[in-house]
Every structure is written in structure tokens, then in C-alpha cells.
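*Asks:* As they're listed, the protein sequences go chains A and B. Just so it is clear: in the first sequence, position 49 is 48 by numbering that gives the first Met the number 0, and no numbers are missing. Just so it is clear: in the second sequence, position 313 is 312 by numbering that gives the first Met the number 0, and no numbers are missing.
Bear in mind the hints are in silico, worked out from the structure with no lab data behind them. Be aware that one or more of the hints could be misleading.
[To be verified] So, partial list: chain A residues that the calculated Cβ filter (under 7 angstroms) puts toward chain B: (1) 48; (2) 52; (3) 95; (4) 98; (5) 101; (6) 132; (7) 133; (8) 134.
[Claimed, not checked] Beta-carbon label-pair distances, calculated as ranges: (9) 9(A) to 124(B): 25 to 33 angstroms; (10) 19(A) to 115(B): 50 to 58 angstroms; (11) 26(A) to 56(B): 54 to 62 angstroms; (12) 26(A) to 138(B): 27 to 35 angstroms; (13) 366(B) to 11(A): 35 to 43 angstroms; (14) 138(B) to 129(A): 27 to 35 angstroms; (15) 107(B) to 108(A): 31 to 39 angstroms; (16) 155(B) to 167(A): 48 to 56 angstroms.
[To be verified] Coverage of chain B stretches by chain A, computed from C-beta distances (three or more under 8 angstroms per stretch; other residues unrestricted): (17) 93–101; (18) 131–140; (19) 160–167; (20) 244–255; (21) 317–323.
Here the structure is a predicted model, which is why all the values come from computation and not from measurement. For glycine and all other residues, C-beta sits at the position ideal for the given N, C-alpha and C.
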Amino acid sequence: MRRMLFEGLTRRPLTEAPPAPDETALAELATRVEDAARRRLGRSLAIREVDAGSCNGCELEIHAINNAIYDLERFGLRFVASPRHADVLLVTGPVTKNMRQALERTYNAAPDPKWVVALGDCAADGGIFSGSYAVVGGVSQVVPVDLHIRGCPPAPADILKGLISLLEPAPEKSRHR
Amino acid sequence: MVVSAEAWRHATGAIAAGRATLLGLWGDTADAPSVHMAIGDDESGDAMVISLLCSDGTFPSVGAVHPPAIRPERAIASLCGLVPLSAPDARPWIDLGFWDVAHPLGARTPAPAAQAGYTFLPVEGEDLHQIPVGPVHAGIIEPGHFRFTAAGETIVRLEQRLGYVHKGIESLMAGAAIEQAARLAARCSGDSTVAYGMAFAHAVEAACNTQAPPRARYLRALMAELERLANHLGDIGAVCNDASFSIIHAHCAVLREHVLRAAADSFGHRLMMDRVIPGGVARDLAHAGAARIGEALAHIRGRLPQLVALYDNTASLQDRTVGTGTVRAELARRFGAPGFVGRASGRNFDARKARPYPPYDALEFTVPVLTEGDVNARVWIRIREIEQSLALVEQITGRLPAGPIAVALAGGTGEGLGFAEGFRGDVLVWVRLDGGKIARCHLRDPSWFQWPLLEAAIEGNIVADFPLCNKSFNCSYAGHDL
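Looking at chain B on its own, in the form it has when it is part of the complex (with noise of 0.2 angstroms):
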């Protein structure tokens, strides 16, 4: 819906008095040059994107009152080139100054030969001392800037610097056909392939006004739980590990590997890549998936609850997550934080529940909250889940109904909005389509909401409690980088 600036100013305004979370906010120049704002209402589940003319390359500032908004308007201002008019921080952002383009979403400019410096925001104090970590990491993990502000052991600020792995992902998929879009989308961030895929589908599928089959629909949100399952085991054990507290990472690691091999005997592939295409799925499940899955559950139901208990019964693993990293609630509200971040600090929202895409309006299940907002809360918010999704994946293989897996799509012209709850939180996709073809395309990481709070989060921890607070986010490079 295009508005006027006073609407906009409006619903500025109701975002950040709170009367309406910020989901999205992206430009645009493929037709006429523009922002978009998708913005929801976290009970009701409505969400609607709003769209403003930007003839003269400027906009009013979202993040001027909404702080939430301010690094997808600086991507904004880096990746297409209108500037958000009275921004408290002019700052690039994704664009590191290595490219030979300046604006590659917009007007494509040669970038300039000489880049400023990138600066730091200040830090004052006696005694202070800043460490730079990244981008390449001290593990097997993605690559990142972060440059830590600390008092002795304290941390008294983080400042982030992402963008290493952007790969121009939304321009690779301006001009695609969808086949070729879905793939792209697929590989935002490997470890929501599922989602990302269900995501594109759905927005594909409002701008076609399709609906996908029944059948595909329940294999979807199979895919979806599996996926759910093998990350959240990964991430306790991780977060465990980052304790120093190995032998639940060791447990955990096994019963991840016996959900992926379920997953790929059941769809052809570990990690379910490509397996959700818009207008259904590529593939139905194999003769031997239900069996393979319902072996996968029963490793884990019997081993799950010792791991648990462990975990809750260990005191000196419990000294470094209780009370670390703490996300205060009002702040997981205002950011309108996605996934097991907002749900450890008292956000009750998960997409599933609150946008109900078929078939999770017809199975039975409950969204865990917890309002500590701390390491331990995100871990038991992780084990809560992980029954439900136990739960879950039971209800969908004994009702799989039959029928075809995909229709063919009617590829118009249209604007679509679609979203999926990955397990790191719920992922936004808009798309519009020309003639069957991918004009603009904006997908967002629930880590662009995420990422933020990590900052806040490790305020007034000591330095080596940070990979443990990382870890409990876990959120992704990738997606948010694209």
C-alpha cells in the first residue's frame, strides 16, 4: 500500500510507541525508487507493508524515534542509495568498501576510489581497553567484526561490524525466474533452508493467489520441524560446550546427526535444501522416511531427558548460564525480538501461532515464554521447543493427508508477503513479480532484530562470557548479511 509522508509519520510514530512492531524495512528502486515498512501487530498477528514514494532519494527516518530501525536504514542507504533524511547514524553498513560498485541496488554507481574510514562510536572512561575479534573467528564459525569496549574483565560495550558474507543475494535475484530464486533463497542461511524456502513459497504464492496442496503443506511443516529439532540440539550442546561442559555437546551432537539422517533418508538430503518450492515440495516423502523419523524421535525421547537433567543439575554449568546475558523484556518488545530471544524475555510471539500458515492452524501445540531474558532462559526455551516439535512431527506423519505435492504456479504480476518461524525465529519475505519473473525481492533474518540485543545482552559480563551469550543467540551471518 503506498502512503503519504504523514502516514508514514503515523506509523513511525505507532512503532515506536509501541502500539506495532517494526518487521521489515527495505528499499526499493526496480520501478520507481521507494521504501517499504512491514509492520505487525504482535496479538492479532496482522501484518501489512506500507510503501513511500521516494522521488527526490530521501525518506523520513525511521530510526531517528524507532532504534530498531536504524541498521536496516543505514543497509538502505548503503545497498540503494536513499538516504534516510535526520538518521542518527550516517554510517555505511553490509558495504565494507570493498566493492566496485557504490549503491548495487540502486543507481549502480562506480564506488569512490578513495573510502573514509569506518569509525567506531566513542567510548569514554579511565581504563579502558578495546578488543577487535573478527572477522575470522576462532572457530568453526562465520565470519564477523566484533570490537569490544572493556573495564578490566567488564564489557562495557560491544559494537558490531557485519557484512563479510554478503553476496549480493537479493541483486542476484532481481530479473531471476522463480525456480532460480528459490534456490537462491534456500541459501540465505543453510541452517534455515526450511524456512527460508517456506517463507519465499508463501510470498510467491500470495502474489500468485495460489494455494499450495494439503499434502505438500503437512510435508512442509515436517521439513520444518526437523529442522527445528536438529538446530535446537545443536544449540544446547554448543551452548553447553562454550561452558566447557562437553559431554552433553557430545550427547546432543549424535542425537542432531540421527534427526539429519532421518531427514535425508526421508527427503534425499541432510539438511533439506531445495526441497520447498513455491507452489509446493520438490519431493514426497521416501517409503522409509515415517519409520526412519519415528526412530529419530524415539533417540531422542530416550535420551533427552537425562541430558536435561544434567544440564539442570550440574551447579558449575549452571554458575555460567543463570543470570548471564540477560535481554531485558521491555527492550525484546521494542525490538520486536524473533524466535527464542524474545520468548526468553517474556515476548509471546512465534509465527506458527500468531500468523498461523497451514497446517499449524489444525495441529496442537504450545509456544513456550519465559521472562528471565538470561543464557539459561534461551537454553530451557530450546528444551521446551524441542517437545513440542517432538509433538509436532508425531501429529503431522499420522495425518499426512494424500494428494499431489505441488501445483503448477500462475505467474503473474503481484505483490506478495510471506513469513515462516525457523528456528531461530520467524523469517519475512516480499516479493514482486513481473510477468512470472522476480522484480524485487527483500528477505529478512529474524537476526536483524537479534543481533542488537546481543550488544545489550552482554553489557556488564565479563569477556569470557561472551561465546556462551553468542551461542545463545546464535544468530546468523549469513542471513542477516545476504
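Chain A on its own, in the form it takes in the complex (with noise of 0.2 angstroms):
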């Protein structure tokens, strides 16, 4: 282990060149998130992950974002476990009726100011499971969304760049106040 640790002194570290925040996500959240919010949740972001019917495919790109290449902690986000200490939920699937309680618990226990994400094209609109009794549809049918991350699922640095909107500063008229 000590050889390794060493190495880890002495390589080039595997973190890549951070993206640049996505163009969308700043249009999206400039309609929908206050300055005050903004102002107050500032540039480091609790996030709390909630399942809410995916094929968990999401999840293992969101797994991704934590590795040393895509590196999410350097930009001040991070998991955290408990949705009371959360800032931010980011939500996935199509949420099923069996998830739309604990969906709206996980909510609720959140405390305010607070951000939904809704990742992956399930999440969007319900995606494929569109139409199941099982299936309540899009995250926003039950709490209300702030930001959409696309895909199927997203890549890990389309997840990144969604994320990282989140922390770029609230647009020009506001910041001179």
C-alpha cells in the first residue's frame, strides 16, 4: 500500500480539465431559482441521491462522477446521506407510484432553500415507462424541478456540467446588488 500511496505522491494526478457549466442548465435555472436561494445555499452543495424508479442505470453513472477522473468533491459537491443535510436532491427514474410517497418524504425532510435536479430522460417525462399503471411519470408530477440533466442515461461530464451550473453565480442583474 505504501508504494502505492507514493505513487499517488509522484504521477500526474487522473483528475481531467474540469467542462464548462452547460449553456441549458444556466438558462433553465435562471428561470427557476431565486437569487435569494442562490445567495444563500453559495458555492458548496450538499446532495442527497433519491431512486425514485430507475433502472439504476443512472446510478452508475453518478458513481462515476465520484472517481478520481471526473472528481466531483473538487468543486465543492458532494454526497451526503441523510436528505436533512441536503441542499440539493437529484433525483432519477420515472417515479413509480410505489416511490411517489418516499419521493415526497425525502422532500419534505429537506430542508429550504432547496434544489431538485431531475436526472436522466425517465426523470424528465417518464421516458419508455410513459404510461404504466405503475408509473406516476416525470419527477415535476411530484415535486416541483429546478433542473433537468438529459440522457440515457447522462454521461458522467454531462452530469458534471448540469451539476456544476448549480454553483455558477446568479445572472448580471442581480449581482450588483
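Both chains are sitting in their own frames, so use the hints and assemble them into the complex.
*Replies:* Encoded structure:
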């Protein structure tokens, strides 16, 4: 182990250059999120992931943004175990009827102000599972959504782009106040 | 094959006596109400489906004599409304009381207005306490409910309640075109999208009496091995992480990323979703693909031995994994435990060997088997399988035949049974086609016969070792719930 740790000191880091925030995400956030909330949440966000019915494909790519190559934590973003500690709920899946109540409770357990990010095509509108007796639909049918990150599943780079948009300062007009 | 009630009971008896393995049990009300049971012989690899008509809406319980059938039967009762007679457990399964309909795969009657509460199995004893966990878990994990009963630190019983991510996939498939059903099959369990794609394709091709061209079969196997590599690497790291040994986790995650990037460069999608289709594959290997896969393999070969040595030589880590969460060989055999759960407990079964579908009949590889049955054995099976998969990928890329990558399906009418060995174990798909559309499709995740063993494995272990045991199983919630 000592050798491995030593190599870590001498080798070039595996972490890749950060992507630019996603323009579409910034535009969506500008219309959704209040300036006051943005200021209060600041530049470090605690994220609680909620699988509300996904096929677990999105979860795999969320795990990937934690690896040394994407290294989510360098941006001040980190995953937390409890909604009580969370600023952001990252929700995947078409919301199933069996998970609707659990999602509502998780949302209510997170303190205000909070943002909800719907991750993946299913989370946007139910995707391929729309119309099933067991599916409610997109996340916004159950809790208010501030940002959508599309993809089936979205690639880690796209997830990063979307999430770091949350850290961007509020649009021009409010910044000079 | 439609059988009489007597033959059904005979088959049930053979399974209970251990002369055959239960592979799946599901209901079907699309045509005449009936139940289907897939049974197999581990040694010869033979597998067949027997069907029993349930004209009065009932069938003789299999679970009454063979416990692994209890949950599938509860699902049949909840989803199809067919009642197993003298079944040991009449509680619902998958249906958690939130749907507007009862028996969504059957008569689809409106759900009763007042739902009865769910009763967990009674536990008696002094100073016992219960710990309810989930459905939302403390991590990036799928949802499910675990009810622990503990005496101090020691777990005396775990009872699972699953169904939270049930999306009604089998219902969405009924009446769907084959292409649409294939997209649904690819989204049963995202981590096994290639395995599901293959099992579904095998079933449809069997029903249509079609065979995918040789190049397509090799490309499917290439994708399946990449999927296995990525998942096993992720799992080994995650088990170590749950023992708070994060350096292996960090390195395994990087190796996994190399595999996924090679997959994206080769097939245009990191998880290779929708790449396997009935009739062949949707996409040929990209020009740079073989080289990128070769680089990923070289990374793993260069890095993994060090990580394995570290795993094996770290006493504090071994202390957590050796002897923890043991599954007895007899139980693994009785449940027909798929994948590494079975192979770590002496069950020598791998669908690639036992029911060899091309190209595996022409490839050289061995199936590692251990007998300890603990977390450590399940880690070691994965390590050995990574080594086998590395060699398989090299064989496949070296021998890739030329030719077409797909054939048109003679979309007809018929039944088909298909298997594919995913990283977690064998996925079973049974399909009945009617005029080129899906009349009924059943997809059985390997987790069906692994989840109950987790309940058994955790007994007598401490609560703090549950995450470790759970990760060493890594059962699919999505694949189970559908």
C-alpha cells in the first residue's frame, strides 16, 4: 500500500480538466431559482440522491462522477446520506407509484432553500415507462424541479456540467445589488 | 409444454427433492389463465418450460414444498390474480398498495379502497429490537425496505420488502412491437443491459426460429464481457469501500472508467444500451474500438495484480470479509443461486458453460468455484472472473468473424426461451409472440434467487456488516421489481 500511496504523490493526477457549465442548464436555472436562494446556498452544495424508480443505469453514472477522473468533490459538491443535510435532491427514474410517497417525504425532510435536479430521460417525463399503471411520470409531477439533465443515462461529463451550473453566480441583474 | 396438474405436482416434487432446479415461475393471463414454470438440470444444462392451465384461477403451490418458489408465487398472486393453493405465505409481493388497479397483469380490477397493512413475520425473544431501513437508503443505491431484528449488535432476522421500483415492464411489453420491447428489456436493470438484451434476443430468435449471424454473436459476447469486467471491478472496489478501505475502491473505479470509455469508443454508448437487438446487434465495432479495448485491458492487467495483493495482504480488510455473510452450499444449491453467489458456495453453474450459446461454445475459459460462501469468496470469484473475461475479450477480438451484423426477423407466432449469463448470474427471458408482436414476455432477474439468500447469509452477523454483505451480493432491485 505504501508504494501505491507513494505513486499517488509522484504521478500526474488522473483528474481531468473541469467542463464548462451547461448553457441550457444555466438558462433553465435562471428562470427557476431565486437569487436569494442562490446566495444562501453559496458555492458548496450537499447532494442527496434519490432513486425514484430508475433502472439503476443513472446510478452507475452518478457513481462515476465520484471517481478520480471526474472528481465531483473538487467543485465543492458532495453526496450526503440524509436529506436533512442536503441542499440538492438529485432524483432519477420515472417516479413509480410505489416510490411517490417516499420521494415526497424525502423532499419534505430536506431543509429550505433546496433545489431538485431531475436526472435522466425517465426523470424528465417518464420516458419509455410512461403510461404504465405503476408509473406516475416525470419527477416534476411529484416535486418541483429546478434543473433537468437529459440522457439515457447522461454521461458523467454531462452530469458534471449540469451540477456545476448550480454553482454559477446568479445572472447579471442581481449580481450588482 | 402444457401439462396436467398431476405432472405439475410431479415436477414440483422433483425440484423439492433436488433432482432439478427451479429457474422461474410466472403467470400468464394473456390467452388462457395459466402458470409457467421453467426448470433446468444444472449438469446437462437442459431447460424446459411447463405450463399448467388455471381454469378456476388457482394452481397447486410450489412454494409449499420448495421455498424458493414462495416469492415468485406471491408475485403471481399480486400481479396476475392466480392463487397458489395451500401456499405458505399469502401476503402480497411487489404490490405495495399504491396502484389504482389490482392484478395489473390479469383482470385489472380497481384496487380496493382500503388497503390492509403489511405484516412482517413475527419475531419472538427477549430484548429484541427492530431497525427499519429504507426504501430510501443512505447512499447512491436503489430503494427497498429492510426490516432487521437484532439482539444487541447481532442480527437475528432480516426480512426484505421489495417492489418500490416496479414500473410494470411486463405489462408495457404486452402488445408491443419487438423493437420497443427490446428497448424495455434493455432497461430492466441498467447494470446488466447487455445481458438482458442478449437473453431477450435469444428468446425472440428461438420463437422466430432465427439465428443471429456469427459476427453479431461475437460482438454480443464482446459487449457482455466488457459489461462483466466493468461491474466486477466496480463491485470489488465497493465491497472494500464498505469495509472503509477506500484506496482499492478509488483504483477500481478508475479501471472501471477505462472499460466504460472503451465501450463508448467501440459501440457508442458507455453501458452499451440498445446495442444488442433481436436478430443481431445494432452497431458494428467502431474502427478504433479494438485498439481502445486493448488499452483498457492493458490498464487492468497492469493495475489489478497490485490491488488484489493489497486486498489479500491487508489483515484489517480480511478481518471484515473472511467468514462474514456465509451462504451454505446446500442453500445455494436449493435456490439454484445464480452467478457469484452460487459459485462462491460450491454451485458450479454458469450459463455460458452449462447452456452454451454461441460463441461461448467455441471459446476457452474456466468457471471459478469456491466453497467458503462468505464475502471473501464472493470477492475472489469476481477477481477470477475478471481474469477469465480479460482472456475472453482477447479471444473474441482476435477471432471476430466478418459478415453481416444482423438479420431480419421472420416475425411470426411462437414461444421462445432465452438465457444469458450476466455479471450477476443468468437472466432468463421467456416470450410468446403473436403476429410479430409480444403477447407475453417474462424476464427473470438472477436476483430473484439471490435476495432470499441474503436474508439467510446475514443471520448471526452484526448490523455493521450488513452493507458489506449486501454489496458482496449486489442484487438488482430494478431487475427484481421490473
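*Asks:* Evaluate each hint against the coordinates.
*Replies:* Okay, the hints, checked on the actual structure:
For residue 48(A), the interface hint holds, since its Cβ comes within 7 angstroms of a Cβ in chain B; the closest pair sits about 5 angstroms apart. Nearest Cβ of chain B to the Cβ of residue 52(A): about 5 angstroms, under the 7 angstroms cut. The hint holds. With a cut of 7 angstroms, the hint placing residue 95(A) at the interface with chain B holds, because the nearest CB-to-CB distance is about 6 angstroms. Annotation: residue 98(A) was flagged as interfacial toward chain B, and the flag holds, the nearest CB pair being 5 angstroms apart, inside 7 angstroms.
Checking residue 101(A) against chain B: minimum C-beta separation of about 5 angstroms stays under 7 angstroms; hint holds. A cut of 7 angstroms between beta carbons decides the hint on residue 132(A): the least distance to chain B is about 5 angstroms, and the hint holds. A cut of 7 angstroms between beta carbons decides the hint on residue 133(A): the least distance to chain B is about 4 angstroms, and the hint holds. With a cut of 7 angstroms, the hint placing residue 134(A) at the interface with chain B holds, because the nearest CB-to-CB distance is about 6 angstroms.
A hinted range of 25 to 33 angstroms for the beta carbons of residue 9(A) and residue 124(B) is inconsistent with their spacing of about 56 angstroms. For residue 19(A) and residue 115(B), the hinted distance range of 50 to 58 angstroms is satisfied, since their beta carbons lie about 54 angstroms from each other. In this structure, residue 26(A) and residue 56(B) meet the distance hint of 54 to 62 angstroms, their C-beta atoms being roughly 55 angstroms apart. Checked against the given bound of 27 to 35 angstroms, the beta carbons of residue 26(A) and residue 138(B), roughly 32 angstroms apart, stay inside it.
Look at residue 366(B) against residue 11(A): about 39 angstroms separates their beta carbons, and that is inside 35 to 43 angstroms. Between residue 138(B) and residue 129(A) the beta carbons are some 28 angstroms apart, a value that agrees with the proposed interval 27 to 35 angstroms. The hint said 31 to 39 angstroms for the Cβ distance between residue 107(B) and residue 108(A), and at roughly 35 angstroms that hint holds. Range check, residue 155(B) to residue 167(A): about 52 angstroms between beta-carbon atoms, so the 48 to 56 angstroms window is met.
By the rule of at least three residues with a Cβ nearer than 8 angstroms to a Cβ of chain A, the coverage given for the segment 93–101 of chain B holds, with 5 such residues. Counting residues of the segment 131–140 of chain B whose beta carbon lies closer than 8 angstroms to any beta carbon of chain A gives 6, which reaches the threshold of three, so the coverage claim holds. Counting residues of the segment 160–167 of chain B whose C-beta lies closer than 8 angstroms to any C-beta of chain A gives 6; at least three are required, and the coverage claim holds. Check on the segment 244–255 of chain B: 6 of its residues sit with their Cβ under 8 angstroms from a Cβ of chain A, so the three-residue criterion for coverage holds.
Remark: the segment 317–323 of chain B is not confirmed as covered by chain A, as 0 of its residues place a Cβ nearer than 8 angstroms to a Cβ of that chain, below the required three.
Going down the numbered hints, you'll see the structure goes against 9 and 21, while the others check out.
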